[in-house]
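Undergrad: One letter stands for each residue in the lines below.
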Amino acid sequence: MNETLSSVPIRKEWDIVGARQTGRNWAKDLGFGSVDQARIATAISELARNIYLYAKVGEINFERLDSVPSIGLKITARDQGPGIKEVSKVMKDGYSTSGGLGAGLPGVKRLMDEFDIESTDAGTVVTVIKWTRI
Amino acid sequence: MSMKAQLINNKQEILEQWLEEVENKELMHYSKTISEDLIGRTNNELIDTIFIALENETGANDELQQFAEKIVNLGWPIGYITEGMQVFRSVSIKTILEKNSDANKDYFLNVMDEVNQIVDPIKTYLINQYSTNWDNIVSLQKLALEELSAPLIPVMDDITVMPLVGTIDTDRAKLIMENLLSGIVKHRTDVVLIDITGVPVVDTMVAHHIIQAAEAVRLLGATCILVGIRPEIAQTIVNLGIDLSNFPTKSSLSKGFQTALQMTDKHIISSNKDGQNLEQIMEAIEKE
Chain G
1 MNETLSSVPI RKEWDIVGAR QTGRNWAKDL GFGSVDQARI ATAISELARN
51 IYLYAKVGEI NFERLDSVPS IGLKITARDQ GPGIKEVSKV MKDGYSTSGG
101 LGAGLPGVKR LMDEFDIEST DAGTVVTVIK WTRI
Chain C
1001 MSMKAQLINN KQEILEQWLE EVENKELMHY SKTISEDLIG RTNNELIDTI
1051 FIALENETGA NDELQQFAEK IVNLGWPIGY ITEGMQVFRS VSIKTILEKN
1101 SDANKDYFLN VMDEVNQIVD PIKTYLINQY STNWDNIVSL QKLALEELSA
1151 PLIPVMDDIT VMPLVGTIDT DRAKLIMENL LSGIVKHRTD VVLIDITGVP
1201 VVDTMVAHHI IQAAEAVRLL GATCILVGIR PEIAQTIVNL GIDLSNFPTK
1251 SSLSKGFQTA LQMTDKHIIS SNKDGQNLEQ IMEAIEKE
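Chains G and C, in that order, give the protein sequences.
Everything in the first sequence is counted per the working numbering, starting at 1 for the first residue and increasing by one.
Everything in the second sequence is counted per the working numbering, starting at 1001 for the first residue and increasing by one.
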């Protein structure tokens, strides 16, 4: 059973802070430990920053996944930006078009349990899930 | 008789009608915890202020400004003002039309027009004042935040500490870099300790800025030690695959300070044999 928790629009740089604060609070509510909270907040920070840097506008969605035996927090980052041309390259460490570290998306994949990316020239949707530990 | 004069003449009636009709919908939607007593008093004040503005030929900018400031300080939404003014508009139109029973369509349109001309300037002024007040608060807080942004503290000759607290955005990262580099030159620092205990999230951007700052510090001939790395931050840095091996990192400011002392060939020598002073100094730093 999925339950949508909330949605945070990303338009300004400070919205990134708002998004990860929201994510951290949901993570706390769902019973994640402090290390997982930090992982989730960091992953949201990366996803939201990607939206802010490359698509300018987008949103971060939070969903609760009720499954047995653990609970999941599903985070969807959605934008209508230009899309990522070479998804396989972006997923390699050290690849960056902005002069950054190039650890963003591969890092997010390692921070979370499940990772999925779909990108076309009409926009990008990144879906990640973190499960609570039993 | 002008519309304005009619409104003023019927002040009591409009006032009662207004107080009856204003439901404070916006306020109710916004918060249920505001006491009715306070709402009642503020409603009275709003309608009084509107009439002062009507009766005063030169307008009543001071009163309007004070009222807008009060609403901002109460933290009430701007919808409270707009709703109040809309109710005032409709009550005014109704009252005038009731007093002139022979009203035809033209007269009705005329009343609408003139009442709008009377009410709109007051409404616009109130809203402008509200947003100006709000903007003031925001810019003051931004200034206050900037002052806290990137302090550089010379602890002793050659050793400087920069404690970072809070979120690091692009603007702040620039400020940190500038303060760091100019401070190193000014204080002739050999070792600078960047303390990130108070940084809630270290993502690739923050790490990137720290790496760049450390590299710039190295170019100036000084050494940068990153301290205050909490266990969960260490784990996320590893997960992200960020390489921080180009400069020393320590878990706490006190450990970093000891390393800095070694690097600058300094010792803290205790004046009494128990070595209590050293412990006290270390304890004091630990608390930072």
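Keep in mind that the hints were calculated from the coordinates and are not lab data.
For clarity, every value in this text was computed on a predicted model and none was experimentally measured.
Errors might be hidden in some of the hints.
Examples of chain G residues lying across from chain C (beta carbon under 10 Å, computed) [said to hold, decoys possible]:
1. Arg20
2. Glu46
3. Leu53
4. Tyr54
5. Val57
6. Arg78
7. Gly94
8. Thr97
9. Arg110
Glycine included, each C-beta is placed from N, C-alpha and C at the ideal position.
Undergrad: Broken hints, numbered, in rising order?
TA: 4, 5, 6 and 8
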